[in-house]
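Visitor: The chain contents come next:
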Amino acid sequence: MTPEELKELQVDKTVDARGTACPGPLLEAKKAIGTIDSGQILEVLSSDEGTKKDLPKWCTKKGHDYLGIVEEPGYFRVFMKKG
Amino acid sequence: MENKTMTMALFSGSLDKLTAAGVILSGAAADDMEVDIYVLMQGARAFKKEIGDNPDKLSMAENPDLKQEFLNSLEQLKVKTWVEFFREAKELTNVKIHICGLAGKIWGGEKLEDFVDLADDICGIGEYITSAQEADVHLFI
Numbered sequence: 000m001t002p003e004e005l006k007e008l009q010v011d012k013t014v015d016a017r018g019t020a021c022p023g024p025l026l027e028a029k030k031a032i033g034t035i036d037s038g039q040i041l042e043v044l045s046s047d048e049g050t051k052k053d054l055p056k057w058c059t060k061k062g063h064d065y066l067g068i069v070e071e072p073g074y075f076r077v078f079m080k081k082g
Numbered sequence: 000m001e002n003k004t005m006t007m008a009l010f011s012g013s014l015d016k017l018t019a020a021g022v023i024l025s026g027a028a029a030d031d032m033e034v035d036i037y038v039l040m041q042g043a044r045a046f047k048k049e050i051g052d053n054p055d056k057l058s059m060a061e062n063p064d065l066k067q068e069f070l071n072s073l074e075q076l077k078v079k080t081w082v083e084f085f086r087e088a089k090e091l092t093n094v095k096i097h098i099c100g101l102a103g104k105i106w107g108g109e110k111l112e113d114f115v116d117l118a119d120d121i122c123g124i125g126e127y128i129t130s131a132q133e134a135d136v137h138l139f140i
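Protein chains in written order, with numbering that gives the first Met the number 0: chain Y, 0 to 82; chain D, 0 to 140.
Because the hints were derived from the structure by calculation, they are not lab data. Don't be surprised by glycine CBs; every beta carbon is placed ideally from N, CA and C. There may be inaccurate statements among the hints.
[Stated by the list, open to error] For lysine-lysine, the following DSS-like pairs were computed, each having C-alpha atoms within a straight-line distance of at most 27 Å:
hint	chain 1	residue 1	chain 2	residue 2
1	Y	K52	D	K3
2	D	K3	Y	K51
3	D	K3	Y	K61
[What the hints assert, rightly or not] Reference listing, derived: stretches of chain Y covered by chain D, where coverage requires no fewer than 3 residues with Cβ under 8 Å from a Cβ of chain D:
hint	stretch
4	6-20
5	65-78
[Said to hold, decoys possible] Some chain Y residues flagged as far from chain D (calculated, every beta-carbon gap over 12 Å):
hint	residue
6	M0
7	T1
8	P2
9	E3
10	E42
11	L44
12	K51
The following block holds chain Y by itself, in its conformation from the complex:
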């Protein structure tokens, strides 16, 4: 999905992992995905560069849809749909 489409998404849950280093954002995603239903959208806020590669791979492995990323000043937003 394009950043423009992602910004319009109806997000079901947002976790703010900004300011934490790896593996913080990954663990926050792992915990949060357990609290939403299949088909719902999770957004993870992170300022940790490694997250950009980590979360897409994790999504693929765990059967979730990685939707994309939106850059913001000083952080970024990662979107995924629970599988």
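Got chain Y sorted already, so can you dock chain D onto it with the hints?
Guide: For chain D alone, coordinates are given in the frame of chain Y:
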């Protein structure tokens, strides 16, 4: 999909290596791996109740003169202590922590209650070998 398994021989009881083990464990937890940790020699000392998370009682495996810088950076980066990493991983996935009976005795720990409450049991080396033979991932730290 069946969960993958990881067996870790945790020989080291130094701050830096325990922290690395904690980070790896977090990745395994995020992946829902089944983890067995066998705590050997120096690792068993770190797991003693009176040591655990106390950085004053733990040294660094490398660059010992940079210990304070290491600790300051961890705090600034909001990185958990090694015990907190292990605890969180146990909450997220199936992690069993086994203390080597010999190692425990070397440091004066005969019973499970001599160790931090994360430890599940005291075991013999045969159990570790079997676990390592069967694991998808085997690490020695």
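Visitor: Checking against the hints above, which ones are violated?
Guide: 5
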